[in-house]
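Okay, here's what each chain looks like letter by letter:
2 protein chains.
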Amino acid sequence: MEKKVAVLAVNPVNGAGLFQYLEAFFENGIPYKTFAVAETTQIKTNSGISLQTDDVVANLRGNEDAYDALVFACGDAMPKFSENAGKPEYQDLLAVIKTFGDKGKLLIGHCVGGLLFDITGIAAGKRLALHPFVKGAVKGAIGTDAPFVIDRNFYTAQTETTLHLLLQELLKVLK
Amino acid sequence: MEKKVAVLAVNPVNGAGLFQYLEAFFENGIPYKTFAVAETTQIKTNSGISLQTDDVVANLRGNEDAYDALVFACGDAMPKFSENAGKPEYQDLLAVIKTFGDKGKLLIGHCVGGLLFDITGIAAGKRLALHPFVKGAVKGAIGTDAPFVIDRNFYTAQTETTLHLLLQELLKVLK
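Top line first, the protein sequences correspond to chains A and B. Numbering of the first sequence is given in this note's numbering, commencing with residue 4 and proceeding in unit increments. Numbering of the second sequence is given in this note's numbering, commencing with residue 4 and proceeding in unit increments.
Since the hints were derived computationally from the structure, they do not count as laboratory data. Certain hints may be false.
Unchecked claim - So, partial list: chain A residues that the calculated Cβ filter (under 7 Å) puts toward chain B:
(1) N17
(2) F22
(3) Q23
(4) L25
(5) F29
(6) S53
(7) L54
(8) Q55
By construction, the Cβ of each residue, glycine as well, lies at the ideal position given by its N, Cα and C atoms.
Model the full structure from these sequences, guided by the hints.
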């Protein structure tokens with residue numbers, strides 16, 4: 004049976020990354036629900052287009068059992084992560100990632116996604132693909148220069164430009 | 004000087020295609036404006052996400068001189084093109100494409116985009132990349148099986164999955 008995916012979108016989000024996941028899931032009949040890492044469901048892409056997610060991350064927290072996999076769709080919100088980390092939506096983001104990790108569900112992400120998986124402590128000893136700028140910040144996990152990496156339940160791509168390579172493999176386990 | 008791009012988005016639009024253009028333009032400082040091929044600026048992606056474009060195609064018609072290039076972002080609206088072709092937004096779409104072509108501006112598109120360029124008569128004798136399902140419908144242009152094709156002012160990709168290959172070349176002429 005296909006797996007159900009919760010998709011996190013930061014604000015602003017890289018639309019090319021977000022929609023590579025969503026259109027691939029749609030075309031392959033994989034059920035998904037989108038959650039804004041924001042106070043409301045109205046967010047923007049890096050490129051300035053307003054879009055509406057299904058829900059917000061606060062409502063995913065505590066309801067992780069409804070999903071088999073978590074996607075982190077990165078975006079230009081992340082360079083300011085350290086100064087925003089105390090905000091409720093970012094606290095919810097980290098809590099949700101940790102819960103998915105603790106329960107051994109699939110963790111999927113590109114760009115800075117791997118760093119968040121590392122920060123929450125769920126990826127200790129796992130190999131990850133992530134943006135070269137943040138590779139050095141990884142502590143417990145193993146940051147790599149690979150275009151994409153699959154290590155047990157962790158599916159990571161370096162950036163949105165290599166995401167299509169990861170998606171080919173990811174779809175096999177989600178279907 | 005960088006070129007200014009008008010981006011057409013059908014309803015529903017493939018978000019993976021649309022946002023590969025938009026994020027690439029954004030990251031490279033190429034100015035663009037989005038136009039829905041619809042009565043309003045509220046459209047959806049194939050994957051069901053609501054988004055808002057800057058304007059509608061009716062307001063691009065007659066204002067083509069403000070732009071150097073036209074992008075056609077394809078989507079699940081197109082399989083029903085023949086039954087909707089008489090609607091004002093589709094008449095505007097075809098008129099706008101023809102005007103850009105007649106003025107020798109850049110015509111850019113993936114999937115069914117090449118067929119629309121052919122239908123309007125602006126691509127006679129030009130080689131195009133387009134979705135295999137519609138290749139046989141091309142009349143005056145030359146449909147190909149290539150992942151992407153550049154033939155004078157025509158920049159076409161077979162589908163959104165080969166669009167990144169076209170974009171590498173396209174950005175060189177837009178910057």
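Against the structure, the hints:
no. : hint : result
1   : N17  : holds (6 Å)
2   : F22  : holds (3 Å)
3   : Q23  : holds (5 Å)
4   : L25  : holds (4 Å)
5   : F29  : holds (4 Å)
6   : S53  : holds (5 Å)
7   : L54  : holds (4 Å)
8   : Q55  : holds (5 Å)
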